[in-house]
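Undergrad: Read off the chains here:
Number of protein chains: 4
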Amino acid sequence: MIIVMENGASEEQIDGVVKKIKEFGLESNVSRGTERTVIGAIGDERKLDQEMIDALPGVENSMHVVKPYKIVAREWHKENTVVNIKGIPLGGNQIQVIGGPCSVETPEQMELSAKYVKAAGCRLMRGGAFKPRTSPYTFQGKGVEGLDMFRKAADKYGLPIVTELMDVRMLDTFLEYDVDVIQIGTRNMQNFDLLKEVGRINKPVILKRGMSATISEWLMAAEYIAAGGNHNIIFCERGIRTFETYYRNVLDVTAVPVLKKETHLPVIIDPSHAGGKAWMVPALSRAAIAAGADGLLVEMHPNPCEAWCDADQALNPEELKNLMVELKGIAAVLGRSI
Amino acid sequence: MIIVMENGASEEQIDGVVKKIKEFGLESNVSRGTERTVIGAIGDERKLDQEMIDALPGVENSMHVVKPYKIVAREWHKENTVVNIKGIPLGGNQIQVIGGPCSVETPEQMELSAKYVKAAGCRLMRGGAFKPRTSPYTFQGKGVEGLDMFRKAADKYGLPIVTELMDVRMLDTFLEYDVDVIQIGTRNMQNFDLLKEVGRINKPVILKRGMSATISEWLMAAEYIAAGGNHNIIFCERGIRTFETYYRNVLDVTAVPVLKKETHLPVIIDPSHAGGKAWMVPALSRAAIAAGADGLLVEMHPNPCEAWCDADQALNPEELKNLMVELKGIAAVLGRSI
Amino acid sequence: MIIVMENGASEEQIDGVVKKIKEFGLESNVSRGTERTVIGAIGDERKLDQEMIDALPGVENSMHVVKPYKIVAREWHKENTVVNIKGIPLGGNQIQVIGGPCSVETPEQMELSAKYVKAAGCRLMRGGAFKPRTSPYTFQGKGVEGLDMFRKAADKYGLPIVTELMDVRMLDTFLEYDVDVIQIGTRNMQNFDLLKEVGRINKPVILKRGMSATISEWLMAAEYIAAGGNHNIIFCERGIRTFETYYRNVLDVTAVPVLKKETHLPVIIDPSHAGGKAWMVPALSRAAIAAGADGLLVEMHPNPCEAWCDADQALNPEELKNLMVELKGIAAVLGRSI
Amino acid sequence: MIIVMENGASEEQIDGVVKKIKEFGLESNVSRGTERTVIGAIGDERKLDQEMIDALPGVENSMHVVKPYKIVAREWHKENTVVNIKGIPLGGNQIQVIGGPCSVETPEQMELSAKYVKAAGCRLMRGGAFKPRTSPYTFQGKGVEGLDMFRKAADKYGLPIVTELMDVRMLDTFLEYDVDVIQIGTRNMQNFDLLKEVGRINKPVILKRGMSATISEWLMAAEYIAAGGNHNIIFCERGIRTFETYYRNVLDVTAVPVLKKETHLPVIIDPSHAGGKAWMVPALSRAAIAAGADGLLVEMHPNPCEAWCDADQALNPEELKNLMVELKGIAAVLGRSI
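Chains as they are written, first to last, in this note's numbering: chain U, 1 to 338; chain L, 1 to 338; chain Z, 1 to 338; chain P, 1 to 338.
Hints in this document: simulated from the structure, not taken from any laboratory.
Keep in mind that the hints are not guaranteed to be accurate.
It does not matter which identical chain is meant; a pair holds if it fits inside one copy or across any two.
Said to hold, decoys possible - Each computed DSSO-like pair below joins lysine-lysine, with the alpha-carbon atoms no more than 30 Å apart: (1) Lys321 x Lys78; (2) Lys277 x Lys67; (3) Lys277 x Lys22; (4) Lys261 x Lys196; (5) Lys118 x Lys70; (6) Lys19 x Lys328; (7) Lys261 x Lys19; (8) Lys19 x Lys277; (9) Lys156 x Lys86; (10) Lys86 x Lys19; (11) Lys86 x Lys67; (12) Lys67 x Lys19.
These numbers were taken from a predicted model, which means no experiment stands behind them.
Given the sequences, and given the hints that come with them, work out the whole structure.
TA: In structure tokens, the structure reads:
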């Protein structure tokens with residue numbers, strides 16, 4: 001850590017910082033510049049608490065030199081991690097498109113959805129049984145009954161399932177239904193107790209980015225899961241919150257190359273929640289794959305106009321099929337397959 | 001709800017919208033303008049699902065006419081709600097400054113904190129036993145042991161306590177320790193299962209605004225609590241996330257008059273987390289009270305340089321005392337007391 | 001325009017709104033709902049001043065039904081506009097990659113740049129003679145001398161030139177040097193006097209998006225140019241400002257399909273300023289083309305480490321060449337050429 | 001400047017950085033940590049171009065140690081600067097409230113406005129003759145005719161005038177009409193040629209913050225003016241752009257204590273543009289003064305419902321008068337006068 005002292009900091013204040021660094025077990029290197037004194041803390045700086053240093057008298061600013069994340073960092077694990085989902089690889093050369101409806105509604109809807117997802121060439125299926133909704137007065141998901149419908153429909157077509165876990169008390173039920181990939185939603189990215197719990201199991205986890213989470217906070221949230229022993233983590237960018245009102249969120253496509261540089265774990269994109277409108281989905285999906293994403297989480301509904309929530313952002317089966325063709329072309333340009 | 005059709009929408013598309021509105025039990029009013037047809041849905045529009053309407057062919061745009069929140073809305077409850085915290089009123093003429101350290105550390109630190117909080121003229125005390133931390137490798141709070149220390153120190157000085165609940169499984173423990181005000185933190189503002197649980201008890205709840213939550217989402221989060229039966233809700237603005245990097249968050253002081261207009265519930269401000277630096281706290285506290293806030297949540301530590309987290313933003317006892325004097329003056333200008 | 005009255009608005013207030021609408025020459029349609037009265041203004045609503053309506057007593061909210069932009073809107077001009085730059089088409093099936101250094105530095109650097117730009121297969125060249133710099137103490141561009149160097153180097157290789165105009169008083173000089181495309185930078189997107197001036201000539205104009213401009217404001221800025229008679233406008237997305245600090249800006253790739261829907265004018269992307277780092281440029285460039293952009297504005301420097309500004313974001317000649325190959329592949333998937 | 005090298009940077013790369021620092025005339029201090037090598041550049045670091053350093057092979061990150069602004073920095077000029085506006089002090093103990101309409105409309109409106117501004121106890125008057133409007137189809141201001149009306153009305157009541165300059169070519173006209181304070185609007189905060197021109201005269205300049213300008217960029221924009229010789233600069237915070245849609249902008253009240261710490265120049269607030277609604281203005285005005293602002297720029301119109309633009313945010317004369325009474329009380333608490 002580099003600590004910059006205020007202009008005119010006293011020798012006593014400089015000594016105070018050096019002493020505090022020593023208490024944490026690190027060495028100091030004091031460098032007196034023309035306008036500022038700069039102190040370097042040498043050793044394992046993760047032991048240092050930046051806020052405590054910043055609070056010392058005479059300190060103007062400080063900067064971490066080493067990244068605060070470890071297990072998820074590519075720095076310590078150079079090769080790509082390929083997460084194995086019941087035999088389906090995510091994070092390798094093959095790109096995975098995870099399709100399915102926003103919400104589980106009825107057995108018929110799920111059966112049809114699974115059929116179309118399979119027909120489009122997808123190998124994994126998504127669907128929400130527990131729905132985080134802004135209003136307490138709107139449909140909150142079918143719950144456990146929905147998990148059951150989803151499991152049955154997906155099994156018929158041999159599709160591993162991805163579904164969101166909102167409440168830590170539901171984890172056992174998720175394990176009973178053998179949910180193949182547990183999704184942590186954007187509103188729970190920093191629900192640390194939930195992260196710790198999914199860190200204790202070994203099911204793959206899709207960690208969606210918080211609505212206004214920085215890349216660093218997102219990596220640290222994954223570190224919570226990884227620190228528990230579960231390294232099967234998949235990052236999912238789903239649009240960030242900005243000033244723009246024309247679309248729901250701004251898909252942060254830059255996050256793809258940046259995460260691929262910072263972490264060895266797979267990175268996927270949710271183009272449906274990002275734009276919030278079905279007509280934007282093909283363009284955003286193509287952009288995501290072109291930027292290097294390892295997969296997509298795409299909403300498809302057998303009949304979007306009848307969907308119970310977020311109807312506006314679901315593709316119909318035909319649209320998903322056409323999208324897959326385009327994505328195949330782009331994947332090929334990058335030397336990948338879908 | 002007002003639905004605007006695309007330029008050139010067909011009669012069939014217009015009929016489709018009218019039919020869907022009827023399915024929800026509302027009436028329609030079709031108005032054909034020079035460039036667009038506009039459809040009004042008349043009746044209880046909270047029954048309508050906006051996304052489903054938006055997904056219908058030919059629809060360009062739609063707008064709610066009625067606010068989506070009910071119980072928390074001032075529209076249906078004109079007088080201010082005064083939340084009673086063991087006899088201390090919050091939301092009335094008297095302003096409440098809730099002081100105390102960021103984290104519970106030791107019995108001595110809590111005892112000293114309680115003494116200074118009381119001496120400064122505060123009637124309520126804050127302190128964190130469970131800490132939401134960005135990194136899994138930093139201090140996570142003293143947990144249940146911390147609750148115990150806090151309860152004892154505060155009881156000695158007759159101060160009701162405010163502390164954060166992060167995990168729904170801890171609620172019973174909070175009730176055992178008779179926590180007087182349960183705080184829902186910024187990262188959990190949309191942890192809907194947690195909101196539902198605190199909605200089932202009758203303890204006052206401080207609901208902090210999410211890092212990038214809109215006023216409307218925040219009111220809807222409170223509606224989750226209120227819908228369960230608990231109407232003892234206190235809104236707490238703590239700074240929002242923006243592009244500015246000089247300070248941690250931007251205190252959104254405009255939220256104060258806006259919430260006072262939209263809801264009958266009390267509104268307080270956390271100037272410590274907003275700015276992130278102790279030297280900003282007095283200016284932000286004065287601004288908050290001048291803008292009409294019903295109270296403050298201020299960090300004070302008997303020895304800020306030794307604090308175990310967020311040291312940088314805590315006032316020392318002397319500073320808190322001086323701040324109280326200034327705030328008294330401003331309260332008086334507004335015809336209020338502290 | 002739709003005007004929603006407050007709950008409990010008086011008949012007098014409703015009449016006041018109806019009267020004001022009449023003053024602007026429009027008709028009214030008053031619709032009394034269960035909780036709110038809604039007034040529709042029928043006629044050419046662009047004549048109405050929304051702020052004046054909102055200020056009337058009893059008005060809660062209002063919404064435009066018709067888009068405020070006209071000349072640039074696809075609604076009134078269905079086919080794509082292809083801007084002709086000295087015979088090079090921009091906005092048609094062929095994608096244009098505009099390459100070149102951030103700043104004009106020396107005749108040798110410009111000559112080399114032109115050579116490499118041409119060799120990579122680009123048909124247009126960029127370069128800054130007037131540089132908008134945050135600090136008054138850093139290099140501000142070579143000025144008119146730079147225009148001269150640029151013109152000569154580009155002419156040698158038959159490349160039309162793109163360069164930024166910052167000061168309205170320099171327009172004549174730009175015309176003297178026959179600058180082929182005038183760029184309006186992000187900081188000047190709402191420099192309305194500058195927009196009006198470039199609206200009076202017939203040179204193609206690249207209008208960069210303001211750092212935090214909404215799509216609607218951007219379209220309206222273009223409308224300023226178009227209203228003067230110059231319809232040769234090219235939109236350029238260059239990243240927006242958000243809370244993220246890892247990269248300079250967030251490339252808003254969603255703006256591509258949205259603009260292609262809202263306007264008939266070409267849309268290009270500047271991946272260099274968006275990410276701010278050369279290693280991000282290929283991924284962002286591929287994403288932009290995959291999303292449907294009509295071109296790119298890419299920084300290339302013969303020797304990035306020696307560049308006088310923004311060195312960090314420039315590709316070297318080899319990297320530009322390799323990028324062109326990848327982009328060709330993606331263009332082909334979309335049925336386009338480069 | 002502190003330069004952090006990548007993990008595994010070679011000796012050759014380290015030497016490259018040291019060599020480049022030397023070229024700029026500074027000394028280096030190389031410090032080899034356990035995971036990273038850190039290089040300190042010692043000397044006048046304003047000579048270093050950060051982007052060029054960042055572009056060197058092996059560099060991961062760099063940080064300025066010294067602030068990039070000089071003339072406006074409090075570090076080099078400890079006492080508050082009091083700007084003298086025809087004998088009225090701004091930045092001293094006395095707080096100045098600058099009142100007046102958004103736009104100059106008619107001689108009668110300006111005469112009435114001046115009368116009410118004076119009657120409320122304000123000593124300076126504002127009004128716009130040139131209006132930056134989002135749409136080219138709405139009222140653009142009365143122009144020079146408006147300047148004339150304003151000058152005459154204000155002179156009658158002995159009020160110095162504040163008005164916005166948008167176009168550099170209008171500066172001579174502003175000087176002819178002896179405009180007392182020139183306002184640079186939010187959209188022109190980084191119109192560097194305009195800043196340079198007002199830096200060459202000695203009229204006081206109000207520099208509004210750009211819609212999404214950081215504190216640092218804002219100080220650097222002021223530095224452009226100051227570098228030309230004009231040190232009569234007044235900062236004006238007017239709300240920043242965020243994700244919130246309930247109000248137009250978020251008043252950044254934290255900017256007040258931060259600017260007072262960073263610069264010796266006066267800081268005022270525009271509560272009218274920040275909130276965008278007249279009913280928010282009193283709360284925001286009180287907050288601004290309580291936070292330590294040196295003044296306000298408040299919209300007041302003799303008849304807000306008839307105003308030609310931004311009617312919705314103007315106070316009426318009675319409201320301005322009442323506001324002044326409240327502000328006097330708050331100023332007194334802080335030991336200031338109004």
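Undergrad: Flag every earlier hint the structure violates by its number, smallest first.
TA: When the structure is compared with the hints, numbers 5, 6, 10 and 11 turn out to be violated.
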